[in-house]
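149 is the number of the first residue of the sequence shown in the working numbering; add one for each residue after it.
Among the hints, a few may not be true.
To be verified - Okay, derived cross-link-like pairs now, DSS-like style, lysine-lysine, Cα gap no bigger than 27 Å in a straight line:
| id | residue 1 | residue 2 |
| --- | --- | --- |
| 1 | K727 | K952 |
| 2 | K663 | K312 |
| 3 | K935 | K952 |
| 4 | K250 | K963 |
| 5 | K935 | K953 |
| 6 | K727 | K935 |
| 7 | K312 | K299 |
| 8 | K250 | K727 |
| 9 | K250 | K299 |
| 10 | K935 | K250 |
| 11 | K952 | K971 |
| 12 | K727 | K963 |
| 13 | K250 | K971 |
| 14 | K971 | K953 |
| 15 | K663 | K250 |
| 16 | K663 | K727 |
Since the hints were made in silico from the structure, they are not lab data.
In this text, all values refer to a predicted model and were calculated from it rather than measured experimentally.
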Amino acid sequence: MRSDSSIQWSAYPALCVAGAFALGIVGASRLVAASFFLWLGGVGGGLALFVGMQWWDRTRLVTLAPLGRTFAVMLVMCAAGGARHAAYEARSPRGLAPAAEKSRNAVSVQGAITNAPQQTEEATRFVLETDTLFGPRDTAAVDGQVRATLKPSPWANAAPSFPKLHQGDMVRLHGSLRRPSGRRNPGGFDYSAYLSRRGICCTLYVDAPDHVIVLGNRRGALQDALVSVRGHIRRQIARYVPSGEGRAVLRALLLGDRSRITDAQRDRFAKTGLMHLLAVSGLHVFLVGMVLYTLLRPFLMRFRLRWRTVEVVRAVVTVFVLIIYMLLTGGRPSVVRAVVMATLFIGGIFFQRSAHPLNTLGSAALVLLAVRPPMLFDAGFQLSMAAVAGIVALNPRFREGVPERYRNSASLDWLVSTGTASAAAILGTAPVLLYHFGWVSAAGLFLNMIGIPCTGLALTSAIVTVTMGGLWTAAAASFGSAADLFLQGLLATSRYGADWFSWAGIRMSTPDFWKLGALGAGLVAIAQWPRPRLRWRWVIASSLFLTVAVWGSVVGPGARPTLDLVFFDVGQGDAALLKTPSGRHVLVDTGPRSPSGAAAEFTVLPFLEQQGIQRLDLVVVSHSDQDHLGGVPTLLREVQVGRLVHNGYPVDTELYDETRRLLDQEDIPHQAARRGDTLRLGASVRARVLSPPAHDNFGGENDASVVLRVQYGRVDVLLPGDIERLAEQDLVRTYGENLGGHVVKVPHHGSETSSHPEFVHLVGDPERTHAVVSTGRSTQYDMPSEKVIRRWQERSEQVHSISKKGAVWIRTDGKEVWQARWK
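Let the sequences and hints guide you as you build the complete structure.
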């Protein structure tokens, strides 16, 4: 009798092989020291084991050879995955990345545009396959893909017009070549990893049209046809779809171009679990391909063709259309996965070979990972695979639980099928969503019942519009209006869903692997419900994971109440969040604002969203310089603010006037802080205002900064803003040795005008002080001063530089202080 494991192996061989291949990729990404040849040796070892098992099986009557052969196959595929990843990540001797790391000034590169450029009102973006780097003295042949952005300088008087570019164009660009930065803040986006998974090593920013030279093109007949078809689709959408919002969404659905979708729209779709409808995904491939495949059969049968001929023609035509659609949408991973799955499905029908959908999914995953192994770590790839796996494995169990009386008509059966499929997809993707984004929307369970039909009807109408455009104006206009009507229904669903149901969901601020394991094991238990033995094994595993998660939160190190201080990387500016043990949240300074936007929008707000923080009980603005006040308007518009404290000194700037106006409009209390004031931040945390005094004569905006001393248990935190010599001397005279702090933000970003020896000597302690230096990575302001840093290093246990490693997260239980890891 075969064991359950052998049953699973024989039932889902392709899925098991793809899993082993993925495991090898994970191993190679962790064991970076393991070379390609080491993994290749693993492949050889697995093959030798397989041959040995074959020989053993022939020489013994009763053996474990089948189990050995299974292990050998898994070993071969695991080592093959590691070898493929090692080969993919191997640096080319002509790689562009080293040149970008050394680059300080603008450089010129030359190459071919590999994708359809995405153009917005602000910028044009595309991927450039480089072949030549022009240095100040010589020219070098290079390899590497660059994410190029053509965007005028925000300080330009008038926005210049860049030349129109197409896929396949040969161009020479002159601009700033950089290696993209990794994740700099908790809750932030890892842009470097995102580009790396797509084979892109560098970014290039071009700010003037005369820095773009079109040298010709390398397009073949297929690329020329694709450029022409894309242009035709854009023209028909612009001509026949009435609303701007509808045109933007249709460009996303038909061409994979989401550049016209606003951030607010993306946010609403994400909150309501409808984001998959906004991206080109398997749903759209199904509508474009599988509907065509179904309709072609009765059409071809009219020509009295033989059955074999009909099957060949409709299979070839459908696969060809799917490939063209894949190329039109830019070859996005979700589309490639859906096209591969559809091709395998059609091939199974043609050759009369049935295959379990999970095996088809495994085959698609294996093909995609073999082409680009880092895709395994992409959230989009994981969500795509998890959604399909959830629908295949969970949806039948959900349908079995629905009484037959609710499926006795076509409309009820469709409603039930849509609901169960939505539930299966949401639950299947829940572990991935919680791990990457910390949020799963339950509203999508019923909002998809409206959104999916709207999307399908809109896409079908749009295809007819594009097809009829230029041939029959009246029909194209009618279907274009119909597509716009359905899209308005989709947008309204996301808008009202976000307003009414944004609270409905599960939130996990930081990934808890025990809870995620419990959720995953529970889902497998549901999928295996018809098999009692496997079902109860997974139920027990889920219970064990959940038990560890619950007891870990009670008796583990995270059970103690702590005061958390997150010093954000906002560039050249300050922003620090205090999370008290009682659940209050205080933001001290908000970072800078430039013509391109407020830093708080990309640093503070993502963290608040990840942590589920919807209210800031207190915002303290140390002074009104733009690198401290700049994020306040953005925060006032996006989150609730209990009250705001400032230094009471007005300045004549547009930013200051905007802040005062918003405070009055939102009726938010605001007051000036003076020495001796106390800010209650809960039962166990108190903040005292040390400066400015009631009647100061410092004469400078920096010296008038609000200085806070936060006390929690035996731990003191000093937040001195941008004070300089006069304010430091005043604090030394007033408080003396009581200035000492366990956590200190270095004044004025480590400038030479601050941190004078007497002040540092009184504040710092080599055995207990954590000093945090908040500066940007740019050296244009000559901050921090090396002399000042050495001074703090002599009087601190540790000096944390935000410019080097990103945000600094300090945690204390009132007795000890330590740095919390967030990467």
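A quick look at each hint next to the structure:
| no. | hint | result |
| --- | --- | --- |
| 1 | K727 / K952 | holds, 24 Å |
| 2 | K663 / K312 | violated, 50 Å |
| 3 | K935 / K952 | holds, 17 Å |
| 4 | K250 / K963 | violated, 44 Å |
| 5 | K935 / K953 | holds, 20 Å |
| 6 | K727 / K935 | violated, 33 Å |
| 7 | K312 / K299 | holds, 13 Å |
| 8 | K250 / K727 | violated, 40 Å |
| 9 | K250 / K299 | holds, 23 Å |
| 10 | K935 / K250 | holds, 26 Å |
| 11 | K952 / K971 | holds, 14 Å |
| 12 | K727 / K963 | holds, 17 Å |
| 13 | K250 / K971 | holds, 26 Å |
| 14 | K971 / K953 | holds, 10 Å |
| 15 | K663 / K250 | violated, 44 Å |
| 16 | K663 / K727 | holds, 23 Å |
Comparing the model with each numbered hint stated earlier shows that hints 2, 4, 6, 8, 15 do not hold.
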